[in-house]
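Could you put the whole structure together from the sequences, leaning on the hints where they help?
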Amino acid sequence: MATPISGNGSRCAPHLVFVASAGMGHLLQCSRLIAALANTGGVEISVVTAVPTVSEAEAEHYAGLFAAFPAIRRIEWKLLPLDNSEFAGADPFFRQWESLRRSAHLLGPMIAGATPRASAVITDVTLASQVIPIAKEELKLPCHVLFISCAAMLSFLAYFPTYLVGTADGDHLAGDVHVPGIGLVQVDYPPKMLRNPDNLFTKQFIANGRCIADADGIVVTTFDALEPDTLAALRGGKVVPGFPPVYAIGPLETTGRSHNDGAIAWLDEQPPRSVVYVAFGNRYAAALEQLREIGAGLEASGCPFLWVVKTTMVDREDTAELRDVLGDEFLGRVQGRGLVTKEWVDQEAVLKHPAIGLYLTHCGWNSMNESVMYGVPMLAWPSVGDHRMIATVIRSGGFGLWVEHWGWDDMVVSGAEIAEKVKLVMADEAISAKAAEFREEATKAVAVGGSSHRNLHEFLAKLNTDTAAAAATTTAA
Numbered sequence: 068m069a070t071p072i073s074g075n076g077s078r079c080a081p082h083l084v085f086v087a088s089a090g091m092g093h094l095l096q097c098s099r100l101i102a103a104l105a106n107t108g109g110v111e112i113s114v115v116t117a118v119p120t121v122s123e124a125e126a127e128h129y130a131g132l133f134a135a136f137p138a139i140r141r142i143e144w145k146l147l148p149l150d151n152s153e154f155a156g157a158d159p160f161f162r163q164w165e166s167l168r169r170s171a172h173l174l175g176p177m178i179a180g181a182t183p184r185a186s187a188v189i190t191d192v193t194l195a196s197q198v199i200p201i202a203k204e205e206l207k208l209p210c211h212v213l214f215i216s217c218a219a220m221l222s223f224l225a226y227f228p229t230y231l232v233g234t235a236d237g238d239h240l241a242g243d244v245h246v247p248g249i250g251l252v253q254v255d256y257p258p259k260m261l262r263n264p265d266n267l268f269t270k271q272f273i274a275n276g277r278c279i280a281d282a283d284g285i286v287v288t289t290f291d292a293l294e295p296d297t298l299a300a301l302r303g304g305k306v307v308p309g310f311p312p313v314y315a316i317g318p319l320e321t322t323g324r325s326h327n328d329g330a331i332a333w334l335d336e337q338p339p340r341s342v343v344y345v346a347f348g349n350r351y352a353a354a355l356e357q358l359r360e361i362g363a364g365l366e367a368s369g370c371p372f373l374w375v376v377k378t379t380m381v382d383r384e385d386t387a388e389l390r391d392v393l394g395d396e397f398l399g400r401v402q403g404r405g406l407v408t409k410e411w412v413d414q415e416a417v418l419k420h421p422a423i424g425l426y427l428t429h430c431g432w433n434s435m436n437e438s439v440m441y442g443v444p445m446l447a448w449p450s451v452g453d454h455r456m457i458a459t460v461i462r463s464g465g466f467g468l469w470v471e472h473w474g475w476d477d478m479v480v481s482g483a484e485i486a487e488k489v490k491l492v493m494a495d496e497a498i499s500a501k502a503a504e505f506r507e508e509a510t511k512a513v514a515v516g517g518s519s520h521r522n523l524h525e526f527l528a529k530l531n532t533d534t535a536a537a538a539a540t541t542t543a544a
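For what it's worth, the working numbering labels the leading residue of the sequence shown as 68, then goes sequentially.
These are computed hints drawn from the structure, not numbers from a lab.
Don't take every hint at face value.
Straight line, CA to CA, 27 angstroms or less: simulated BS3-like cross-link-like pairs of lysine-lysine [unchecked claim]: (1) K207 with K419; (2) K529 with K511; (3) K419 with K490; (4) K529 with K305; (5) K145 with K270; (6) K490 with K501; (7) K511 with K419; (8) K145 with K203; (9) K501 with K419; (10) K501 with K511; (11) K409 with K419; (12) K207 with K145; (13) K203 with K270; (14) K305 with K270; (15) K305 with K259; (16) K490 with K409; (17) K259 with K270; (18) K511 with K203; (19) K203 with K305.
Put into structure tokens, the structure is as follows:
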């Protein structure tokens, strides 16, 4: 593949401008793609980062990214304030997404002023409807979308505007959806908020779904062997005719730093495949009653466990003490057999540790990818958002168990049932074998010559072609 030549005869690398979103799940995927591209060499990268961030974890993550890759430029995007009365009670992350969207008109001049001249824009999917027109119409630049969930969720997003045309109101999810090339998506699998036409997320989701087909490409951090039929349907135009190229490049390795070395030291003392790891992501927290039932279930399972407890949605508000949440008696009884913490842990380091035998998970996409990458069986407990769609991937792959009636809002799952399911999956050799099988598939995908490796380099080739074309146009002008 030839390197593009600039107008003065010197070789030039594509300059990619990333427009990042909010939420650690989104930032992790964005930074991992940035790291993967930076490590291939031959590209220059700038990252547009919103100021302020929602959480301290986001600010720390950005600091770590720019420290690890000092050549990457940072473009600060100072957001316009929102009228708090308009969004009283709204999810702080959805509110931040809306703030990003309403400040999007500031992006054009910022990206236009980047040095060297930008070659392409890569935007988080939550901002697609705002950034794609700015990049393609105002700046005349190619615009690619980073999709931070499974290909099944991508197919649903892409088809959703077509589905809405056939509904009575056309402004919300009213029932099951038959996605061409994919099959039936039950009404309670996509994000629950989509059933409410007035929900802020619903409005954002519809806008992004209507615009995503205008992108020049979609980068998704799944891999071909994990969702073969769904990716084939998207690429073949069965979901949406003329859909942009879909580059499946996952799973991507972390760029993070360890936060809790004590957790790893504790795992070092445990037998292989004996520990249940319990974590429900960085955005959502179970109610106090459910947390105590989880504790009772872990205790009754008889398995050693590492449990990361979260009690609030935003980390800077999470000040409750463990003794207040779970009680001194519980903490005393499980001392030694269970490690309970409210500190951040290096999840990838945890999941790759040989002591981990099961992951009790909320089914966030980063968590699912990391679990697959290290062959850890999963007990799926999806809570909100795209988690149930991701749980369908776990179930179809056979490397975990999804108990569909478990939820966060509708019921409290008893400690006895949690203990039963933990013991069931820990003893299930078929699930363990499937987890090992997909670990091998993931390893092959990212290895040289593997499907994800090829797709990443195909994406890079497209970026180089676009840069060469832009340079030729500038020279001709």
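Name the hints, by number, that the structure is in violation of. 1, 18
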